[in-house]
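Below, each chain spelled out in residue letters.
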Amino acid sequence: AQSVTQLDSHVSVSEGTPVLLRCNYSSSYSPSLFWYVQHPNKGLQLLLKYTSAATLVKGINGFEAEFKKSETSFHLTKPSAHMSDAAEYFCVVSYTGGFKTIFGAGTRLFVKA
Amino acid sequence: NAGVTQTPKFQVLKTGQSMTLQCAQDMNHNSMYWYRQDPGMGLRLIYYSASEGTTDKGEVPNGYNVSRLNKREFSLRLESAAPSQTSVYFCASSEFDKSSYNSPLHFGNGTRLTVT
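Protein chains in written order, with my numbering: chain A, 1040 to 1152; chain B, 83 to 198.
Treat the hints with care, as some may be off.
[Stated by the list, open to error] No more than 27 angstroms apart at the CA atoms, straight line, and that leaves these computed lysine-lysine pairs for DSS-like: (1) B:K96 - B:K139; (2) A:K1088 - B:K139; (3) A:K1139 - B:K153; (4) A:K1081 - A:K1139; (5) A:K1108 - A:K1097; (6) A:K1139 - B:K139; (7) B:K153 - A:K1081; (8) A:K1139 - A:K1108; (9) B:K153 - A:K1088; (10) B:K153 - B:K139; (11) A:K1107 - A:K1139; (12) A:K1151 - A:K1097; (13) A:K1097 - A:K1107; (14) B:K91 - A:K1081; (15) B:K96 - A:K1081; (16) A:K1108 - A:K1088; (17) B:K139 - B:K91; (18) B:K139 - A:K1081; (19) A:K1081 - A:K1151; (20) A:K1088 - A:K1139; (21) B:K91 - B:K153; (22) A:K1088 - A:K1107; (23) A:K1139 - A:K1097; (24) A:K1097 - A:K1081.
Just so you know, these hints were derived from the structure itself, not from any lab.
Please take these sequences and the hints and turn them into a complete structure.
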């Protein structure tokens, strides 16, 4: 069965320190992988996507993610957190055949001043 | 550039009442979706429409119906609301191609529904 697991429900960092949000997936196929961000009372916004062109994917607002097939992981990182990064982040997997999109449970990122 | 527009933003219903959530997109996307978001569960697909004139069930379709009115509009109807349908509902759209699994979703800002 296909699934996606976000390993932390909450992550707290200080402003200016690195961010790591972890995501693992299971799949029998080659998936497409996405990270979305959701600010309070807003819809989800695409941060970045992986579609097999390159294993290191750069997204908006300084975020990037690395696809590691051997570890079935797609962790999201940012070198230096900003207060505006405080939000909920979702790791998402889509599979060949279309319209089969699975969302992780989300990781809430807190950024301390 | 409006993107995906949902109405209403908030709604309170009594058990057994009905309502329709409206969604419109101006990006000329073929595919549209309805999701519900519940704490700790991510987003779950209720129904989707791959293209104008088609609709299909998603993961949690019970208690809901949908209508793809035209290419722009996709509505979600609750015929007899239940407290278990208290949730935040998101409409989304995407481009459609043979490899549509890698087309990102574009979301509206959601409708917060409470059923008492």
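Outcome of the hint check:
no.: 1; hint: B:K96 - B:K139; verdict: holds, 25 angstroms
no.: 2; hint: A:K1088 - B:K139; verdict: holds, 25 angstroms
no.: 3; hint: A:K1139 - B:K153; verdict: holds, 21 angstroms
no.: 4; hint: A:K1081 - A:K1139; verdict: holds, 23 angstroms
no.: 5; hint: A:K1108 - A:K1097; verdict: holds, 17 angstroms
no.: 6; hint: A:K1139 - B:K139; verdict: holds, 11 angstroms
no.: 7; hint: B:K153 - A:K1081; verdict: holds, 24 angstroms
no.: 8; hint: A:K1139 - A:K1108; verdict: holds, 20 angstroms
no.: 9; hint: B:K153 - A:K1088; verdict: holds, 26 angstroms
no.: 10; hint: B:K153 - B:K139; verdict: holds, 18 angstroms
no.: 11; hint: A:K1107 - A:K1139; verdict: holds, 21 angstroms
no.: 12; hint: A:K1151 - A:K1097; verdict: holds, 24 angstroms
no.: 13; hint: A:K1097 - A:K1107; verdict: holds, 15 angstroms
no.: 14; hint: B:K91 - A:K1081; verdict: holds, 11 angstroms
no.: 15; hint: B:K96 - A:K1081; verdict: holds, 25 angstroms
no.: 16; hint: A:K1108 - A:K1088; verdict: holds, 15 angstroms
no.: 17; hint: B:K139 - B:K91; verdict: holds, 24 angstroms
no.: 18; hint: B:K139 - A:K1081; verdict: holds, 25 angstroms
no.: 19; hint: A:K1081 - A:K1151; verdict: holds, 22 angstroms
no.: 20; hint: A:K1088 - A:K1139; verdict: holds, 16 angstroms
no.: 21; hint: B:K91 - B:K153; verdict: holds, 22 angstroms
no.: 22; hint: A:K1088 - A:K1107; verdict: holds, 14 angstroms
no.: 23; hint: A:K1139 - A:K1097; verdict: holds, 24 angstroms
no.: 24; hint: A:K1097 - A:K1081; verdict: holds, 23 angstroms
Checked against the numbered hints given earlier, the structure satisfies every one of them.
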